[in-house]
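K.L.:
The numbering used here numbers the first residue of the sequence shown as 1 and each following residue consecutively.
Keep in mind the hints are simulated off the structure, nothing from the lab.
A few of these clues could be false.
Stated by the list, open to error - For lysine-lysine, the following BS3-like pairs were computed, each having C-alpha atoms within a straight-line distance of at most 25 Å: (1) K59 <-> K196; (2) K196 <-> K65; (3) K148 <-> K175; (4) K196 <-> K184; (5) K66 <-> K148.
Unchecked claim - Estimated spans, in silico, between C-beta atoms of each pair: (6) P107 <-> L272: 26 to 36 Å; (7) I152 <-> S317: 25 to 35 Å; (8) A155 <-> G27: 40 to 50 Å; (9) P107 <-> K65: 30 to 40 Å; (10) Y60 <-> A101: 46 to 56 Å; (11) Q56 <-> I152: 16 to 26 Å; (12) F286 <-> E63: 27 to 37 Å; (13) L30 <-> A111: 22 to 32 Å; (14) S212 <-> W55: 27 to 37 Å; (15) P107 <-> S317: 32 to 42 Å; (16) E57 <-> V96: 14 to 24 Å; (17) L272 <-> C40: 38 to 48 Å; (18) T69 <-> S317: 44 to 54 Å.
Even for Gly, the Cβ is constructed at its ideal location relative to N, Cα and C.
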Amino acid sequence: MDSATANASAINWQYNVANSSGSWTFGIRLGVVFMVQISCLSAISVSCLLCYITWQEIKYFREHKKWQTPSPILVYFISLLSSEFVQAASGIISSVWVHHAGVVEGPLCTAQSILNQMGDVGVALGSSIAVTTWGLIVRNWRSSPSPKIALIVVAIIWSFVILVTTISLGVHRNKEDPYYGNTKYWCWIRSPTYWKDGVGLEYAFMWLAGLSNILLYVPVSLKIFGTYWNKRRRGVGGGAGAESEIDKETKERENSMNRVAFQMSLYPVIYLITITPLSISRFMEFARPNNPPPFIFTAFSACLFYSSGIFNALLFSLTRPALIPNNPFVHNRRTESEYSRDRERSMMSRMFGRKEKLRRKEWFLETGMTSTDIEDEAKGDLANVKVVEVHVSSVSERDEETTSTVISAGAPLRSLT
């Protein structure tokens, strides 16, 4: 027998065995048991979290008699949790292989393969969170994308995931060797001759998502820590005494946004940690099919991979205010108007001292200065402002009056009081 035939025989023994029942040693069965246990914990964690989110929505509906508008981050996160649950379900099926001490091909094996691929690709495409966070922090989006856009993105992701698995199964349905089947420790794309499909239809998305997360969150981290150190070095408003209440509110909002962004940056870190060992293990199998990595490394990488649902659920419990409504990432009109109002307040506060705020009110009303003139004076980049709220405080620390003025671009200010 020549070397090529021997290598082919070794490959077939490792990957193309339809029924390996009774071939696992105690160590292999123990390792797979750990995979199943972690998958169960992940499924339970994700299920409890999804139930909690649903309960919060129902509670809000009972109190306000209307459904709460979700933030796009929450929409993306629910999609991510759903993918995590599908992924965990595929790992739970391995409990049957533990019972048989080996993988047995059939409908259950095919189901595990499909769930495995759907969950892995779905989690990889969950990097929509990274794109949104990058836009809000680095590109200074005034608001996150609307919930409708988030729902459309999620629908596209899941449609793509379903099409990838169904089309692949349909194309290879009539071939001699099954497309999905025994891969020694669980079920996946069966033969090493299909390694191109394994890379192109699953691992390519995982690696691309990991690279995208790195490229997106490096500038986010630099922006967050750069802003922090700049404030530490030069201070805000020239000292605590000179800092107005408006500047304090604006600074608190900026700090809240940066804190949320930092918390969100932990999700891609978890993703990179969980996929790296399994990617290395799978790459070694692709490169050396007749000399695979040790089982202990494969079991460790699989356990870490299936634990991503646990990590994400735990992180959600720590960053819950950042992901449920009533936070800077929520998309609604009130949040946008507050952002514009705070921006105008901060600009006005920087132009005038605190003791001149009362005189400022009279001066603006007498001169008829427009909002365009105000912004050109401060920054020179605002045009066509239609609504501005000017809040004026008296010289007294105790008495504070608010004057709301409505102007059109190019029209003088008119007091509504």
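K.L.:
Between the beta carbons of Q56 and I152, is the distance compatible with 16 to 26 Å?
P.N.:
Distance hint for Q56, I152 holds at roughly 24 Å.
K.L.:
That 40 to 50 Å hint for A155 and G27 (C-beta), does it hold up?
P.N.:
Hint holds: Cβ distance 44 Å, inside 40 to 50 Å.
K.L.:
Within 25 Å, alpha carbon to alpha carbon, are K148 and K175?
P.N.:
42 Å, violated
K.L.:
Should the hint that P107 and S317 are 32 to 42 Å apart at their CB atoms be regarded as holding?
P.N.:
Holds: the Cβ-Cβ distance is about 37 Å, inside 32 to 42 Å.
K.L.:
Starting from the hint 46 to 56 Å, judge whether the C-beta atoms of Y60 and A101 obey it.
P.N.:
Distance hint for Y60, A101 holds at roughly 50 Å.
K.L.:
Can you let me know if the beta-carbon spacing of E57 and V96 is within 14 to 24 Å?
P.N.:
Violated: the Cβ-Cβ distance is about 36 Å, outside 14 to 24 Å.
K.L.:
Mind checking the alpha carbons of K66 and K148 for me, to see if they're no more than 25 Å apart?
P.N.:
17 Å, holds
K.L.:
Can you let me know if the beta-carbon spacing of P107 and L272 is within 26 to 36 Å?
P.N.:
34 Å, holds
K.L.:
Between the beta carbons of F286 and E63, is the distance compatible with 27 to 37 Å?
P.N.:
Hint violated: Cβ distance 54 Å, outside 27 to 37 Å.
K.L.:
Starting from the hint 38 to 48 Å, judge whether the C-beta atoms of L272 and C40 obey it.
P.N.:
24 Å, violated
K.L.:
Is the gap between the beta carbons of L30 and A111 within 22 to 32 Å?
P.N.:
24 Å, holds
K.L.:
Using the beta carbons of I152 and S317, state whether their distance is inside 25 to 35 Å or not.
P.N.:
At 29 Å between Cβs, range holds.
Taken one by one, the earlier hints fail for this structure at numbers 1, 2, 3, 9, 12, 16, 17 and 18, listed in ascending order.
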